[in-house]
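A.B. asks: Chains as they are written, first to last, in our numbering: chain A, -1 to 380; chain B, 153 to 534.
Treat the hints with care, since some could be wrong.
Capping the alpha-carbon separation at 27 angstroms, the derived lysine-lysine pairs in DSS-like fashion look like this [stated by the list, open to error]:
| no. | chain 1 | residue 1 | chain 2 | residue 2 |
| --- | --- | --- | --- | --- |
| 1 | A | Lys360 | B | Lys502 |
| 2 | B | Lys522 | A | Lys363 |
| 3 | A | Lys343 | B | Lys502 |
| 4 | B | Lys334 | B | Lys384 |
I should point out that these hints are in silico values taken from the structure, not numbers from a laboratory.
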Amino acid sequence: MVKLSVIVPCYNVEKYLSECLDSILNQTFEDIEIICINDGSTDNTQDILDSYLKKDKRIKVISQHNQGLSMARNVGLKNVTGEYVTFIDSDDYFELTAFEETLKIVEEKSLDLLIFKLINFDADTFEKQEKDYYEMNCIKEIIGDSVFNQEDIGEKFYYMPVTAPGKIYRYEMIKDMEFPVGMIFEDNPFFVEVMFRAKRAYFYDKHLYLRRVRFDSITNSAYSKFYHMIRIHNMIIDITRKYGYFEKYQTRLYRRKISQIHWYFTLIDDEDDKEFYYQKMREDYKKCDDEYKSSEAFYKLPRRLQNFFNFAIEYESHEEYRLKTENYDLFYSNYDLSKENKKLKREINALKDLNRNLLNSKSWKLTEPLRKLNRKGGSKNG
Amino acid sequence: MVEISIIMPVYNSQDHLKDTLDYILNQTFDDFELICVNDGSGDDSLEILNDYSFKDSRIKVFSQENKGQGSARNKGLEHCTGKYVYFMDSDDCIIPKFLELVHDNIKNNSSEIVMFKTGNIESGNKIDTPPLFPFDEVFKDADFNDFTFDYTNVRKYVLNSSFAPWTKFYKKELFDRYDDFKFNEKLPYEDVLFHIKSMLRATRISFVPEYLYYYRIDNPNSSSFNYESHIKIFDVIDEVEEFLKKENYLNDFEKEFEFFKLRQITYHMITPINEEHFKLAKQYLNGIDIAKNDLIPDYQRKEYQIFYENDAAKTYEREINLYLLQREQDELKEKNSMLELENSRLKHEKNELESKKEEILSSRSWKLTKVFRSTFNLFRRN
C-alpha cells in the first residue's frame, strides 16, 4: 500500500497537463500513486497520459466518457490504494517538497486531515496572488499551531476554504464519500462533511499548491449553473443535521444560505439566466418558508437577510426583487452617509470654534509682533 | 356654552392617548370642551378617558360599540355645544398655542374655516414636512390676520389633496346651515365627502401660516383598512359624484374630478389586485384622456399610463411595481450622489481645519508662549 494517492481529474488540459504531472512525479517524496481520470477529453490529453504511463509505473490512467469533475473525482476515490489522499486539478501544480513536508506532519501528529495553502497565479502573466480565503486568517488566530477539530472553531468553520485540493486526507475517513455529481460548487458539501468527520486536523501555514487562474475556467463562466448553489446549501444543512450540529449552527447556516444565494443572484448579468435562477430561489424559499419562520434562528438573522428572504417570496419577477434589494441597500447607505455627514458637521463646528479660540487667545495675540517680524523677514513659521 | 368643542374619536389608542389629552389640556386657550367618543376600544383607552374626565370637567366621555370613526365623530357633533368645532385624532399632537391661534384668526377674519400648516411625527420627532395645505405659498404676500378666500382660489385642494378632518378648525354655524354635514357611517373614507362639502360651502376660509398640528405616521394601530375597505372606494366616488352633480359643481370641476378618480382608484388598488377590482377600475376610469388633463403631474401621469396600457390585474401589478421601484431607485441614487458629494466636501473642509489647527499649535508663537499658558492655568486653578 502506498503512502499517498494523488487524484488528477483531466479534461482537455493538453496545454498544462505535463507541468502538473511533472510536479507530482518529481516530488521529493516518492511513495505515491497517481490516479489520472480522463473525463472524455477531446484534445491530446489521452496521448499525454499514455506517454506518462510508459514513463512511470506509479501512474494509473482511467478513461471514461465525459461526466464532470465530481464523477471523475469519485471514480478516483474508488481506485485509491494509498493510506492518504490528495487532489489536484490538472492545470495546477505542486511545490516539489509539498508531499514530503505535509506527510511528515501528518504522520507525526496522526492527522485525519491536513490543510495547506493555495496561491493563485495568472495563466498569462504568471503573477502570483494571495487570496484571503486560503490564508485562513481569522481561523488561524483560533487554532494557531495545534491539532484541532470542527468544535474548536465553531461556526467559523463554514468560512474555511472548501477546495478539494489543498488538503491531505486520511483515506479511511473519506473512502465512502462522494462529490455531488453534475453540480458546481461540488467541493462545498464534501468539505463540510470532512470537517465533521475529522477528529484530528491541522493547518500548515505554507503555500504548497499553485492554482492557475484562467479566464475561461469553470468558476468564471458557470452563470447558468449558479442555481446549483441553492441545492448545495440545502445539502450543507442536511449534512450538519446528520452530524447533530444543526441547532448549534442553525442561524449561521441560514445566514450563509440567504446571503450567498443573494450574492450569486447579483452576479448574473444575463436576464434569462437571472430569471431562471430567481425562480429556483423562490421555489426553494417558499418550500422552506414555514420551517424557517417557525424557528428562533431565523429571527436572529440580520434584518437585511430576513427582509431579502421575504422579498423573494413576495415578488414574482426577478426585476422586482433586484430593484427592491438594491433600493434597500441604497436607503441604508444614504442613512449611514447622512449620519456621517451630521457627525462631520459637528466636528467641523468644533474645530472652527477651537481655531477661533486659538487665534483670539492671549498667547496668539501676544506673539503677533514676532510673527510680523518674521513675515517681513520672509520666514514661514511664525 | 363653551367657545370651542373638540371632538375626538378614540379606538384602541392607549399608546399615545395620554400624550394627546395632555396636549389638549395644556392649551393656552382654555375655554373648550373635549368630547371623546370611545368607539368600542378593547384596550385601556376608556379607563384613561374616564380618569382624565374625572380630573377635568371639560372632558366629556361617550362610549359606543365599535361603529367606526365616522359614527364616532357624528356622535360628537350631536353632543357639542361650542361655537367652534375641531376634530382631533387620538394619537396626534397640537402645539400649546393651537386653539389660541386658530380662534384669534377665525374671529379676526370672521371666517367659517381656518386651516394651518401640519407636519409629521416620526419616532417621536416632530418634523416640519411640506404641509398638506401650503396656503402661505399659494397666497404669497397675504396678511393672514386679514385675509379670507374660498374654493375658487384653491380649486386643486377641493378634490385633489388631503381629506383629513384635523386640517380644519370650523365655525359650527357652517354645519347648521345644512342638514347633511355628517360623516357617512356606512362607508370607509368618510372624511372625503365631508372635506369636499366643507371646501365648497365655506364662503370665507382663512389660514394660519404656522405649523400647529403634527400627524403621527408610524403608529401601527392607526386605522388601517383591510382589503374589503379598499374596494369601497368606488362607492365613495359615486357618492362624491352624486353630490357634485346635485349641487351643480360637476361641470365646473370636470378635470379635478377626473384626477380625483384616477388618484383614489389607483391608490386603493393594493396588491394582490383581484380581477374584479381591476375591472371596476377600468370601468370607472374609462374615457379619461390623461394627456389632456393638465392637473396631473408628469410623474403621476406615467403611473396612470401604465394602468391604461394593461388589460389584466397581474400584468398591471407587475408593471406598476417595477415602475415605482425604478423611480424609487432613481430618487435614492440621486440622493446618494448628493450625500457622497457633501461627504467629500465635508471631509475636505475638516482636513483643512485640522491642518490649520496643527499649523497654529506647532508654530513658534504657540510654543514660545507655552510657559505663559501653564502659569496662567495654574493661576486659574488656584
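A.B. asks: Does A:Lys343 pair with B:Lys502 here, judged by a C-alpha cut-off of 27 angstroms?
C.D. replies: 8 angstroms, holds
A.B. asks: Taking only the CA atoms, is the gap from B:Lys334 to B:Lys384 under or equal to 27 angstroms?
C.D. replies: Between B:Lys334 and B:Lys384 the Cα gap is close to 18 angstroms, so the pair holds against 27 angstroms.
A.B. asks: Please verify whether B:Lys522 and A:Lys363 have alpha carbons no more than 27 angstroms apart.
C.D. replies: Within the cut-off at roughly 13 angstroms; holds.
A.B. asks: Taken at face value, is the distance from the CA of B:Lys502 to the CA of A:Lys360 at most 27 angstroms?
C.D. replies: 25 angstroms, holds
Hint compliance for this structure: every hint is met.
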